[in-house]
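**Q** Could you build all of it, start to finish, from the sequences and the hints given here?
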Amino acid sequence: MARQVLILWCRRFTPRLLFSFLHMWYISPAMSKASVTVLGSGTSHGVPMIGCRCAVCTSDDLRNQRARPCVLLELPEGNVLIDTPPELRLQCIRFGVERVDAVLYTHAHADHLFGLDDIRRFNELQGREMPIYAEREVLDTIRRAFAYVFMPTQAAGGKPQLSLYPLDGPIELCGAQIEPLRVYHGQLPILAFRVGGFAYVTDVSAIPPETEERLQGLEWLFLDAVRYEPHPTHYCMEQAIEVVRRLKPRRAAFVHLSHDYDHEATNAHLPEGMELAYDGMRVTFSL
Numbered sequence: 709m710a711r712q713v714l715i716l717w718c719r720r721f722t723p724r725l726l727f728s729f730l731h732m733w734y735i736s737p738a739m740s741k742a743s744v745t746v747l748g749s750g751t752s753h754g755v756p757m758i759g760c761r762c763a764v765c766t767s768d769d770l771r772n773q774r775a776r777p778c779v780l781l782e783l784p785e786g787n788v789l790i791d792t793p794p795e796l797r798l799q800c801i802r803f804g805v806e807r808v809d810a811v812l813y814t815h816a817h818a819d820h821l822f823g824l825d826d827i828r829r830f831n832e833l834q835g836r837e838m839p840i841y842a843e844r845e846v847l848d849t850i851r852r853a854f855a856y857v858f859m860p861t862q863a864a865g866g867k868p869q870l871s872l873y874p875l876d877g878p879i880e881l882c883g884a885q886i887e888p889l890r891v892y893h894g895q896l897p898i899l900a901f902r903v904g905g906f907a908y909v910t911d912v913s914a915i916p917p918e919t920e921e922r923l924q925g926l927e928w929l930f931l932d933a934v935r936y937e938p939h940p941t942h943y944c945m946e947q948a949i950e951v952v953r954r955l956k957p958r959r960a961a962f963v964h965l966s967h968d969y970d971h972e973a974t975n976a977h978l979p980e981g982m983e984l985a986y987d988g989m990r991v992t993f994s995l
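Just so it is clear: in the sequence shown, position 286 is 994 by this note's numbering, and no numbers are missing.
Among the hints, erroneous ones may be present.
What the hints assert, rightly or not - Capping the alpha-carbon separation at 20 Å, the derived lysine to aspartate or glutamate pairs in EDC-like fashion look like this: (1) Lys956 with Glu937; (2) Lys741 with Glu921; (3) Lys956 with Glu921; (4) Lys956 with Glu946; (5) Lys741 with Glu880; (6) Lys867 with Asp825; (7) Lys956 with Glu918; (8) Lys741 with Asp769; (9) Lys741 with Asp825; (10) Lys741 with Glu927.
In case anyone wonders, no lab produced these hints; they're calculated from the structure.
**A** What follows is the structure, encoded as structure tokens:
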């Protein structure tokens, strides 16, 4: 715990070069590793899109088949899910996810929230309520959109068992320090998350300077890049590349991807150290 506090303090209050030195010579050798698996790399439509016969939507390359956005953090003491998209059940079956110890939410749009009911299977497997961490406005939306979950008249086996916790700052979950960070999805304030050397920044069109400061020294940055053309509430590819060049992570993977992108063809033209994420992609990072 003391080491995690030191990491957060160093990120916030030391210059970037000094932090990198400390991370290499003091923090890194004793760090444990964690991993993240991409369960969904697509947009709110998913890829293929209904009624579309474009080359990407009809591609046989599985990396062009993109479920709605979601990642699973595999931490030293358990698994943490970020968002619950509508096809969560299928994503968990496809990638063998049999345990989830907590859920974090970036925001309450349908493509990030509406698979919440599938959490009840993990209640059954693990025999306990699921901790849910989100901003207060998101928790309020959950109570409204899933009102039956909180009604005593609904049979317990037919609904997820949830414990809701407001997310106001860094928390420790499953043996790791998780830091929520403010970003903007158009005019909507939402959350990004940093865990050790990894950050997940989806559905973003603006990153405040104070958040950029907290995104220094990353091993992996997963960043929204919805399409080639500018978008009012998401980074386009040109903007995302510019942000990566500014933040200078060791590697970056782009998420929330539309059918603009053929996986192989796009990767062939991206700058060094940058690539498209894909469903099933798994990377490791230091805590």
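**Q** Between Lys956 and Glu946, is the straight-line Cα distance small enough, at 20 Å or below?
**A** holds, 15 Å
**Q** For the pair we were handed, Lys741 and Glu880, check the Cα-Cα distance against 20 Å.
**A** It holds: about 16 Å lies between the C-alpha atoms, which stays within 20 Å.
**Q** Taking 20 Å as the top limit, are the C-alpha atoms of Lys956 and Glu918 close enough?
**A** Holds - the C-alpha atoms of Glu918 and Lys956 are around 16 Å apart, at most 20 Å.
**Q** Would you mind confirming whether the straight-line C-alpha gap from Lys867 to Asp825 stays at or under 20 Å?
**A** Holds, because 7 Å separates the two Cα atoms, which is no more than 20 Å.
**Q** Hinted pair, alpha-carbon criterion (20 Å max): Lys956, Glu937. Please report holds or violated.
**A** Violated. Lys956 to Glu937 sits at ~23 Å, over the 20 Å cutoff.
**Q** Please work out if Lys741 and Asp769 have their alpha carbons no farther apart than 20 Å.
**A** Roughly 30 Å between the alpha carbons, so the hint for Lys741 and Asp769 is violated.
**Q** Could you grab the alpha-carbon distance between Lys741 and Glu921 and see if it respects the 20 Å cut-off?
**A** Measuring from Cα to Cα gives roughly 23 Å; hence the hint is violated.
**Q** So if I understand the rule, the pair passes when the alpha-carbon distance is 20 Å or less; does Lys741 with Asp825 pass?
**A** Answer violated: Lys741 to Asp825 is near 31 Å, above 20 Å.
**Q** Given the hint that Lys956 pairs with Glu921, test it: the Cα-Cα distance must not exceed 20 Å.
**A** holds, 12 Å
**Q** Given the hint that Lys741 pairs with Glu927, test it: the Cα-Cα distance must not exceed 20 Å.
**A** Roughly 12 Å separates the two Cα atoms, so the pair holds.
In summary, the structure is inconsistent with hints 1, 2, 8 and 9 from the numbered list given earlier, while agreeing with the others.
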